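Protein sequence lines correspond, in order, to chains A and B.
Quick note on numbering: the first sequence equals residues 1 to 275 in the working numbering.
Quick note on numbering: the second sequence equals residues 276 to 573 in the working numbering.
No wet-lab data here; the hints were simulated from the structure.
These numbers come from a predicted model, not from an experiment.
Careful: at least some of the hints might be erroneous.
[Said to hold, decoys possible] Cβ pair distances, simulated, as ranges:
hint	chain 1	residue 1	chain 2	residue 2	range
1	B	Ala330	A	Ser255	25 to 33 angstroms
2	B	Gln293	A	Val120	37 to 45 angstroms
3	B	Lys480	A	Arg272	49 to 57 angstroms
4	A	Asp273	B	Asn283	15 to 23 angstroms
5	A	Ile17	B	Glu277	42 to 50 angstroms
[What the hints assert, rightly or not] Sample of chain B residues lacking proximity to chain A, with all beta carbon distances greater than 10 angstroms (derived):
hint	residue
6	Phe303
7	Gly323
8	Asp386
9	Gln390
10	Ser405
11	Leu418
12	Pro436
13	Arg477
14	Asn495
15	Ser519
16	Ser560
17	Glu562
Where a beta carbon is used, it is the ideal one built from N, C-alpha and C, also for glycine.
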Amino acid sequence: MIRALKLEWLKIRNYRIFWILTIMYLLALVIIVSGGMLLLEWLKSEGADFQGINPTIIPIYDFPDIWQNTTYLATFIKILLAFIVIISVNNDITYNTLRQNIIDGISKKEYIFSKLLFIVIMAAISVLFLFVLGLLNGSIYSHVWGIEYIFDEMEFLAVFFYEVIIYCTLAFLLSLIIKKAGFVIVALFLYTLMFEPIATAILINAPYFSEGITPDIAQFFPIKALNNLISVPFGRYVFMEIEDNVSIKALTIASGWFAIYLTSIFYILNKRDLN
Amino acid sequence: MERILRINKLSKRFGKIQAVDKLVLEVFSGQVFGILGPNGSGKTTTLGMILDVVAPNEGSFEWFNQMETVEARKKIGSILETPCFYPYLTAVQNLRITAHIKKCGTDNINDILKQVGLYDRRNDKFKTYSLGMKQRLSIGAALLSNPTVLILDEPTNGLDPEGIAEVRDLIKEVAASGKTIIMASHLLDEVQKVCTHFCVLRKGKKLHEGSVSETLGEINKVEVEAIDMAKLGSVINDFPGKSSYHENGISFLVTLKEDTTATDLNNHCFEQGITLKKLFTHRNSLEQEFLKILREND
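Here chain A stands alone, though its shape is the one from the complex:
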């Protein structure tokens, strides 16, 4: 396992674009997680109030809610990690080094394994980062304190970890199919943030559709399936009922997609002639 990981490390450790993207991603995590209070204070200075409540006392950083809030926000920038995966896989294809690696003496399975391991490590680092950021922000702003609250609802970190891995595996698969990094990045970006959200929104909310079974179909869409893992938490601050657990159904659907991505990657690479 260390051997597979070292192969990826040798490829990226002197690769500037990788470090730029990684730093961008980590900075984005810091901003998105720690910027909540700044946002609320800005809202306050603009004179906003929520049913007479001063925005800055909204307890977004209270344990254990903080875990769902921060992981939910962090899922929006997982696409940056997907870009790293796309570039890394695409390099091996355009420079023909995937073929060279295999000629030199690894199997296609070992190649896939080392890329997946690379994804897992990136996801693990993200989670660790989120955990530390959560603890820091929580210790500054939380109105609640105590081991039993701090370490409650940690499952959101675990689910976030899983979600990042699945999404990056999708990016891996797309880079194998499409082969042009720029095109994969644009396609994934548009699909994740525009095409599918619009399509599922229509299926769920459009008057003609919302009566039928289409809202049920929408949850099986690949991005929707991931988005359903951690649901929007902020409704609770306007006294709405929210899903504050990880739904087993969403987890099952997402795992189904994960299995499809992995099988496809193995199938495509095994069948492909590397010329």
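Please build the complex by placing chain B on the supplied structure of chain A, with the hints as guidance.
Okay, now just chain B, sitting in the frame of chain A:
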């Protein structure tokens, strides 16, 4: 002799094109084996299949007595067409990846870089190299693990005359150290200069297989000239070691029988009172043989 590679009825089809058709080959240790053929005859596809980057439709191959192919590839140094490295990494960083995959340690990276003349540029990025330097780095990568088998695909493609000479010297040097070399080429001259054995492919089919010296030595022709050409003609006509002869402008071209040499002919003429003014042994070139083989199979 130990068998290094056995290819058994290997076939590959790309759509309608049968790139390799039931190819059977064996390569033994110490051979410098040339795979000859015109462009598009299936040479590169064959090498791709035995290196596991092209999936065969049928047939099988076996390295080093049924060794696991992934492990076998670690013992093989390969140079396939264009050099493939990470352009954003330096020569040393690129070779570290090769060493890691081949599990061969990084100790001799500097020595190898000196050997291929890239030591001074070892910390420059691969993308800044000229084609010749890139080619030399791939030779370095192939030699890095001190492999027992070297696979070369058109090794002198795109090199300048000096580079070509260097690569040929290197091949001979490597071959002299007892390593097995398998090389694909469409340059007959190249195969003739460095190979001990060869096969000829066309449209994916093997047309011929044999040792270079045997194939070239099969027939030998001698060109002779004397002052008295008429007498020489009758003397040659009496010579038992000839299989045929004809007049070729001002000289006679004599085709000798298998166990006869030019010395025998010279002796015969001298005994009959003819002093030769010219005696020239023709070696068949692989080019003639190659064209003959292609003709025979038309």
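(request) Sort out which numbered hints this structure fails and list those numbers smallest first. (result) As far as the earlier hints go, 3 and 7 are violated by this structure, in ascending order.
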